Amino acid sequence: MTTSFMAVLRRDLLLAMRRKNEVLTALFFFVIVASLFPLAIGPEPRLLRKIGPGVLWVAALLSTLLGLHRLFADDYADGTLEQMALSPAGFAGIVTAKMLGHWLLAGLPLVLLAPLLGVQYDLDGGALLLLTLTLLLGTPLLSMIGAIGAALTLGLRGGGALLALLVLPLYIPALVFGAGAVEAHVAGLTYSGHMALLGAMLVVAAFFTPLAVTAAIRIALE
Amino acid sequence: MNWHSPSEFFAMGGYALYVWGSVIACLVCVVVEPLLVRQRRRTVLSLLRRQRVAEQIEREEQAA
Amino acid sequence: MMTKVNWFKYSSPATFYPLAGQAMPIFAALAAVLCVAGLWVGFFVAPTDAQQGEGYRIIFLHVPTSWMSMFIYLVMAFWSAMGLVFNTRLSGMMAAALAPTGAMFAALSLITGSFWGKPMWGTWWVWDARLTSELILFFLYLGYLGLHAAIDDPRRADKACAVLALVGAVNIPIIYYSVQWWNTLHQGASVSVTRSPSMAHTMLIGMLLMALAAWMYSIAVALSRVRAIILERERRTDWVAELKEVAA
Chain A
1 MTTSFMAVLR
11 RDLLLAMRRK
21 NEVLTALFFF
31 VIVASLFPLA
41 IGPEPRLLRK
51 IGPGVLWVAA
61 LLSTLLGLHR
71 LFADDYADGT
81 LEQMALSPAG
91 FAGIVTAKML
101 GHWLLAGLPL
111 VLLAPLLGVQ
121 YDLDGGALLL
131 LTLTLLLGTP
141 LLSMIGAIGA
151 ALTLGLRGGG
161 ALLALLVLPL
171 YIPALVFGAG
181 AVEAHVAGLT
191 YSGHMALLGA
201 MLVVAAFFTP
211 LAVTAAIRIA
221 LE
Chain B
1001 MNWHSPSEFF
1011 AMGGYALYVW
1021 GSVIACLVCV
1031 VVEPLLVRQR
1041 RRTVLSLLRR
1051 QRVAEQIERE
1061 EQAA
Chain C
2001 MMTKVNWFKY
2011 SSPATFYPLA
2021 GQAMPIFAAL
2031 AAVLCVAGLW
2041 VGFFVAPTDA
2051 QQGEGYRIIF
2061 LHVPTSWMSM
2071 FIYLVMAFWS
2081 AMGLVFNTRL
2091 SGMMAAALAP
2101 TGAMFAALSL
2111 ITGSFWGKPM
2121 WGTWWVWDAR
2131 LTSELILFFL
2141 YLGYLGLHAA
2151 IDDPRRADKA
2161 CAVLALVGAV
2171 NIPIIYYSVQ
2181 WWNTLHQGAS
2191 VSVTRSPSMA
2201 HTMLIGMLLM
2211 ALAAWMYSIA
2221 VALSRVRAII
2231 LERERRTDWV
2241 AELKEVAA
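Chains as they are written, first to last, in the numbering used here: chain A, 1 to 222; chain B, 1001 to 1064; chain C, 2001 to 2248.
Bound-form chain A, shown alone (with noise of 0.2 Å):
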């Protein structure tokens, strides 16, 4: 289990690695629209660090959807997909090792750059810490439930846009509590309510998510 686990790791990681350009493309994406709100609403710092949390989780949010339709795309294309469902390896595993590849590769990413981005919003230290931290627990969590919406919108057109109409609303939660938690600490009060469903979700997440999307992966082989 854990070699066929390891080895779909591999392979997507590879890949991504050979087409550099898509993953970075969805990393400028986040840095680029986290400036426009800037450009939209002024420069002032006091404005700015009230809004800061929030912006940088919804450019997080929509940056993670990027790169969510060819999670699968490219297996279904070629086959690949239907054999991993085959596999005596058991799906479920793939699917999460799937799934991990696609945080690695674009949502680690966002992790790291989150506190320089945060400067630019006049963040203090430990509200740049904080947002870091909802971000480690949140963007696999975001991870997890858009491989759900790119298993469900595979092979049909506008599947583009159709995923981000079904998984914006259930990004809902996570961008609330994640946000949330650091607009807490900046007004001074306690977070750690937000942390704590931000992982518990996350671990509800680890569990169900590959059920809905192995489920909704053979519909689409069907």
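It is worth saying that the hints were derived from the structure and are not from the lab. All of these numbers come straight from a predicted model, not from anything done at the bench. Just to be clear, a hint being listed does not mean it is correct.
[Unchecked claim] Residues of chain A clear of chain C, computed beta-carbon distances all greater than 10 Å:
hint	residue
1	13
2	28
3	48
4	93
5	120
6	153
7	158
8	203
9	216
10	219
[Said to hold, decoys possible] Partial list, derived from the structure: chain B residues whose beta carbon lies under 10 Å from chain C:
hint	residue
11	1002
12	1006
13	1014
14	1016
15	1017
16	1032
17	1036
18	1049
19	1055
20	1057
[Claimed, not checked] Computed cross-link-like contacts, SDA-like style, restricted to lysine to any residue with a CA-CA straight-line distance of at most 25 Å:
hint	chain 1	residue 1	chain 2	residue 2
21	A	50	A	111
22	C	2118	C	2211
23	C	2118	B	1010
24	C	2118	B	1002
25	C	2118	B	1049
26	C	2244	B	1049
27	C	2244	C	2011
28	A	50	C	2180
All C-beta atoms in this analysis are idealised placements derived from N, C-alpha and C, irrespective of residue type, glycine included.
Given the coordinates of chain A, work out where chains B and C should sit on it, guided by the hints.
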């Protein structure tokens, strides 16, 4: 009885726009939705009738 | 003695079609009667509200539409689960038949909520917990309808949407809870739709009557829509070709 005259009823104590606006919105939906379903039904029935006629013609041609 | 009911007989579109056709007018009639009764109670029997004047009467429309939009989603999720577990075609058709009506009620809930909010709170839109949750529910409905429309094969569409409906249903409590949390942090008191605690008896009766009317209406529309769906899906079968409506 709440209302002492029809004009009082329609005025709704000054809230006429909001109350009647809501009523109209609901009325429109409750009327339009069944009409749309009926239209969907008619479309599929006419399709089925045309299909039946086409099959009949095919059978007659094959018998001939 | 009690004969065993073969429930699965009714999961065949061919047997369900005439049954739905006979049941639909009954529910439509019930809906009309209950609606008249509810509007009568709401507009002529229920007294004027002390604080909100006549404007509060919108709740006789707003609350039933909200309840139905949520209830229909749960029923959709139920039929989705049935369809996935028992692999019955009719369950998927029923869920697809309910979705547009549910979306309509969600939209009406937002519209009536706006009409209620403007005179009461001064703005056409308020980010209170209930309205925001309703908005997200509306998005979930749009996603369901969008996914169904995007998939050509009706069976795949039914099954994919079934998974989506179940994922959505599981998420709805989480979404509702997170919006509540968000709302109490960012605003002071949350505005309550139902006036607590001592709502006049007549107001409650009016709301219940309208809610029942909306329920009966939903069943009637869903039954007639599912009949159209059955005809569309089963158009290559003999029993459809021999229907009175077609063979005439």
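These are the hints, each one checked on the structure:
At roughly 27 Å, the least C-beta separation between residue 13(A) and chain C is larger than 10 Å, which holds for a residue marked as non-interface. Every CB of chain C is more than 10 Å from the CB of residue 28(A) (nearest about 28 Å), matching its label as outside the interface. Every Cβ of chain C is farther than 10 Å from the Cβ of residue 48(A); the closest lies at roughly 18 Å, confirming the non-interface assignment. At roughly 20 Å, the least C-beta separation between residue 93(A) and chain C is larger than 10 Å, which holds for a residue marked as non-interface.
The non-interface label for residue 120(A) is consistent with chain C: the shortest C-beta to C-beta separation is roughly 24 Å, beyond 10 Å. The beta carbon of residue 153(A) is not kept farther than 10 Å from every beta carbon of chain C, the shortest such distance being approximately 7 Å. Residue 158(A), annotated as away from the interface, has a beta carbon of chain C within 10 Å; the closest lies near 6 Å. For residue 203(A), the condition that its CB be more than 10 Å from all CB atoms of chain C holds, with the nearest at approximately 13 Å.
Under the 10 Å C-beta cut-off, the non-interface status given to residue 216(A) relative to chain C is violated; the minimum distance is some 5 Å. Not every CB of chain C lies more than 10 Å from the CB of residue 219(A), the least distance being 4 Å, so the non-interface label is violated. Look at residue 1002(B): its Cβ gets to within about 6 Å of chain C, closer than 10 Å, so that hint holds up. At its closest, the beta carbon of residue 1006(B) sits 12 Å from a beta carbon of chain C; the interface hint therefore is violated under the 10 Å criterion.
Hint on residue 1014(B) holds. Least Cβ distance to chain C is approximately 7 Å, under the 10 Å limit. Using the Cβ-Cβ criterion of 10 Å, the hint placing residue 1016(B) at the interface with chain C is satisfied: the shortest such distance is roughly 9 Å. Interface restraint check: residue 1017(B) against chain C, minimum CB-CB distance 8 Å, threshold 10 Å, status holds. Taken as an interface hint, residue 1032(B) checks out: its beta carbon lies about 9 Å from the nearest beta carbon of chain C, inside 10 Å.
Evaluation of the residue 1036(B) hint against chain C yields a held restraint, the C-beta minimum of about 8 Å falling below 10 Å. Interface hint at residue 1049(B): satisfied, since its Cβ lies 6 Å from the closest Cβ of chain C, which is below the 10 Å cut-off. Contact between residue 1055(B) and chain C, as hinted, is supported at the beta carbon level, the nearest pair being about 8 Å apart and thus within 10 Å. Evaluation of the residue 1057(B) hint against chain C yields a violated restraint, the C-beta minimum of about 14 Å exceeding 10 Å.
Proximity of residue 50(A) to residue 111(A) is assessed by CA-CA distance (about 20 Å); at most 25 Å being required, the pair is judged to hold. For a cut-off of 25 Å, the pair hint linking residue 2118(C) to residue 2211(C) stands: about 23 Å separates their Cα positions. Restraint check for residue 2118(C) and residue 1010(B): the C-alpha separation of about 19 Å stays at or below 25 Å, so the hint holds. A threshold of 25 Å between alpha carbons decides the hint, and for residue 2118(C) with residue 1002(B) the separation of about 24 Å falls inside it, so the pair holds.
Only pairs whose Cα atoms come within 25 Å are accepted, and residue 2118(C) paired with residue 1049(B) is rejected, the gap being roughly 51 Å. As the CA atoms of residue 2244(C) and residue 1049(B) are separated by approximately 11 Å, the hinted pair is consistent with the 25 Å bound. At most 25 Å may separate the alpha-carbon atoms for a hinted pair to count; residue 2244(C) and residue 2011(C) meet this at roughly 22 Å. Pair hint residue 50(A) plus residue 2180(C) holds up; C-alpha atoms about 21 Å apart against a cutoff of 25 Å.
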